[in-house]
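A.B. asks: In case you want the letters, here they are:
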Amino acid sequence: MYARHEVKSFIVEKFAPDVRVDELDDDYDLLDNGVVDSLALLRLISWVGDRFEIPIDDIDLTPDHFRSVSAIDDFITRFGAVPVRK
Amino acid sequence: MLLDAFVDSVGRRSMESPGSPALYFGDEVWSYRDLWSSATGVSDRLRADGLRPGRPVGLLAAKSPDAVAAIIGAGLAGIPVLLPSCSLGDTALHALLEQTGSSHLISLAGRVRPGAPIALRVERTGGIEASAARRDRMAGAPLILTTSGSTGSPKIVPLAADGVERFFGWAATEFGICADSAVLSYAPLNFDLTLLDIWTTLWAGGAAVLVDQDRAAHPRYLRELLQARPVRVVQAVPLFFRLLAESGSEPFPQVRNVIVTGDVLAPPLLAALPLLFPNAAVHNLYGCTETNDSMIHRIRSFDLAPGTSVPIGRPIAGVHAELVDGFGRVVTGPGTGELLVYTPFQSDGYLDEALTADRFVTRFVAGARRTCYRTGDVVRRDADGRLHLEGRDDFHVKVRGVRTSLQEVEHVLERHGEVIEAAVVALPDEAAGHRLHAMVRVGGSAGPNSLRLRSHCSAALPRTAIPSSYDIGAQPLPRTSTGKVDRNAIRTEHLRLGA
Numbered sequence: 001m002y003a004r005h006e007v008k009s010f011i012v013e014k015f016a017p018d019v020r021v022d023e024l025d026d027d028y029d030l031l032d033n034g035v036v037d038s039l040a041l042l043r044l045i046s047w048v049g050d051r052f053e054i055p056i057d058d059i060d061l062t063p064d065h066f067r068s069v070s071a072i073d074d075f076i077t078r079f080g081a082v083p084v085r086k
Numbered sequence: 001m002l003l004d005a006f007v008d009s010v011g012r013r014s015m016e017s018p019g020s021p022a023l024y025f026g027d028e029v030w031s032y033r034d035l036w037s038s039a040t041g042v043s044d045r046l047r048a049d050g051l052r053p054g055r056p057v058g059l060l061a062a063k064s065p066d067a068v069a070a071i072i073g074a075g076l077a078g079i080p081v082l083l084p085s086c087s088l089g090d091t092a093l094h095a096l097l098e099q100t101g102s103s104h105l106i107s108l109a110g111r112v113r114p115g116a117p118i119a120l121r122v123e124r125t126g127g128i129e130a131s132a133a134r135r136d137r138m139a140g141a142p143l144i145l146t147t148s149g150s151t152g153s154p155k156i157v158p159l160a161a162d163g164v165e166r167f168f169g170w171a172a173t174e175f176g177i178c179a180d181s182a183v184l185s186y187a188p189l190n191f192d193l194t195l196l197d198i199w200t201t202l203w204a205g206g207a208a209v210l211v212d213q214d215r216a217a218h219p220r221y222l223r224e225l226l227q228a229r230p231v232r233v234v235q236a237v238p239l240f241f242r243l244l245a246e247s248g249s250e251p252f253p254q255v256r257n258v259i260v261t262g263d264v265l266a267p268p269l270l271a272a273l274p275l276l277f278p279n280a281a282v283h284n285l286y287g288c289t290e291t292n293d294s295m296i297h298r299i300r301s302f303d304l305a306p307g308t309s310v311p312i313g314r315p316i317a318g319v320h321a322e323l324v325d326g327f328g329r330v331v332t333g334p335g336t337g338e339l340l341v342y343t344p345f346q347s348d349g350y351l352d353e354a355l356t357a358d359r360f361v362t363r364f365v366a367g368a369r370r371t372c373y374r375t376g377d378v379v380r381r382d383a384d385g386r387l388h389l390e391g392r393d394d395f396h397v398k399v400r401g402v403r404t405s406l407q408e409v410e411h412v413l414e415r416h417g418e419v420i421e422a423a424v425v426a427l428p429d430e431a432a433g434h435r436l437h438a439m440v441r442v443g444g445s446a447g448p449n450s451l452r453l454r455s456h457c458s459a460a461l462p463r464t465a466i467p468s469s470y471d472i473g474a475q476p477l478p479r480t481s482t483g484k485v486d487r488n489a490i491r492t493e494h495l496r497l498g499a
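Quick mapping for you: the protein sequence lines, in order, are chains A and B.
Its first residue numbered 1, the first sequence is counted upward by one per residue in the working numbering.
Its first residue numbered 1, the second sequence is counted upward by one per residue in the working numbering.
Hint data in this document are derived by calculation from the structure and do not stem from the laboratory.
Since the structure is predicted, the reported quantities are computational estimates derived from the model, not experimental observations.
Glycine included, C-beta positions come from ideal geometry on N, C-alpha and C.
One or more hints might be untrue.
[Said to hold, decoys possible] Just a sample of chain A residues kept apart from chain B, beta carbon distances all over 10 Å, derived:
1. Y2
2. R4
3. E6
4. D26
5. L39
6. G49
7. D50
8. R51
9. D58
10. I59
11. A71
12. D74
[What the hints assert, rightly or not] Incomplete in silico selection of chain A near chain B, CB under 8 Å:
13. E13
14. D18
15. E23
16. L24
17. S38
18. I54
19. P55
20. P63
21. G80
Work out the full structure, taking the sequences as your base and the hints as a guide.
C.D. replies: Spelled out as structure tokens, the structure:
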């Protein structure tokens with residue numbers, strides 16, 4: 001749950017700089033709306049892997065894991081090793 | 001309806017050489033027996049569901065063996081198949097189904113193992129049939145493709161049966177595609193490029209190696225795929241080769257023919273090609289959905305001087321190409337003009353007659369009438385007679401290989417209730433070719449943010465046409481002294497801010 005804010009900050013900073021963190025809804029479709037394109041997806045996956053110590057290469061990833069902030073949050077909760085704090 | 005020659009060829013192969021591979025996808029190998037068995041299952045199912053021969057259906061599916069089997073199955077049932085882009089917004093998708101009078105929208109409910117009954121989802125559209133003239137054209141079309149659809153309502157292109165059959169013959173001979181050849185298919189299923197890498201390959205009895213669209217930007221996946229499968233022919237847009245080159249890929253000596261298509265090849269990437277494919281002939285291929293391939297250039301020099309470009313080359317046998325300058329005069333020698341082409345592979349025009357009249361024009365070629373297609377591309381002919389792509393008219397750019405109309409993106413933005421005016425400019429981008437930047441004037445200070453404008457665009461435009469950055473404010477757009485929106489000022493200001 002606490003990962004959400006951090007994920008939102010990353011996405012807003014990198015891909016939607018005009019938007020405030022609280023304006024990005026948990027369920028906003030990042031892929032269909034083009035916020036995260038295929039190359040940005042690689043950056044996002046790599047950041048999530050590094051930040052939350054997730055062995056990305058060993059997981060069968062699908063774009064749906066990164067479709068929205070809640071999906072990414074679920075993914076981190078499921079695979080993440082690092083405890084996240086507010 | 002699928003070509004008789006295609007159905008005969010694939011059907012015969014499934015009996016004479018049932019175990020030969022037809023499709024590779026991930027760890028799966030689909031033999032011709034598997035493909036035929038799944039396809040005939042689809043055909044039986046669609047007939048049992050009451051779908052009528054001759055009335056089109058839309059098939060919305062990412063590239064997979066299941067989707068290929070579904071297309072062949074519908075063809076066996078005599079049902080014309082419209083292939084919309086999977087990234088199309090709902091509004092645009094429904095406009096396509098309506099214009100073609102499609103009775104159903106077919107999608108896949110999941111993947112199945114090779115040869116099993118395909119997990120079809122068949123939904124009624126409730127739409128009414130197209131006019132008799134349009135029905136006839138679609139009934140004879142091996143496939144119904146669309147242009148990239150930056151317009152919000154992509155143009156519908158029913159392919160011509162005789163043209164597709166001639167294309168199969170040409171492509172198989174030119175690139176050595178035969179029984180036992182494996183051909184890499186990188187583009188999404190709805191792209192005209194699959195006429196070569198999937199449909200020519202199956203027609204010739206070879207195997208298509210399907211790139212999973214979800215992983216098409218992962219260099220490691222692409223490298224492993226090329227190592228794991230006996231790929232002899234590779235067709236892809238420059239982005240694919242860039243991903244391989246930048247990830248420090250080892251060479252692929254088994255590849256014999258490399259086809260680069262869909263976008264301009266930058267010099268640094270060009271130099272990487274002979275290292276990646278040391279034993280391959282490398283071709284630059286130029287074409288479009290309306291006419292299929294028209295120009296080819298065999299690349300022999302991989303070291304380009306700065307400021308020069310890889311030619312699109314010369315017309316393929318049977319192709320007529322002419323350049324028309326700004327005054328409507330034909331450029332006969334060296335010079336620059338809009339490229340008009342006639343190809344033996346071309347469609348008879350768009351489904352919409354008015355759109356056809358705008359782009360397909362009658363020319364006299366050596367005393368005979370020929371229907372030529374106005375490509376909208378500005379092309380230069382050099383002293384050796386080779387053609388070079390100079391660019392498009394100002395309002396069309398390619399984003400990830402997809403032709404995109406800036407004006408249509410602007411029109412979509414301006415349909416948003418809170419938007420007063422919008423301008424969209426294209427900026428060069430190393431990976432995508434171009435990326436789009438939108439400057440938007442909204443009423444008042446509490447207008448939409450970029451997320452809401454993106455959602456608005458994604459309902460009507462393909463993903464590549466959604467601008468990747470936004471400048472949203474209440475001030476009017478900058479204008480030139482003649483009152484036109486000053487796109488250069490917008491571009492310069494955006495670059496100055498370091499975005």
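A.B. asks: Out of the numbered hints, which ones does the structure contradict?
C.D. replies: 5, 13, 18, 19 and 21
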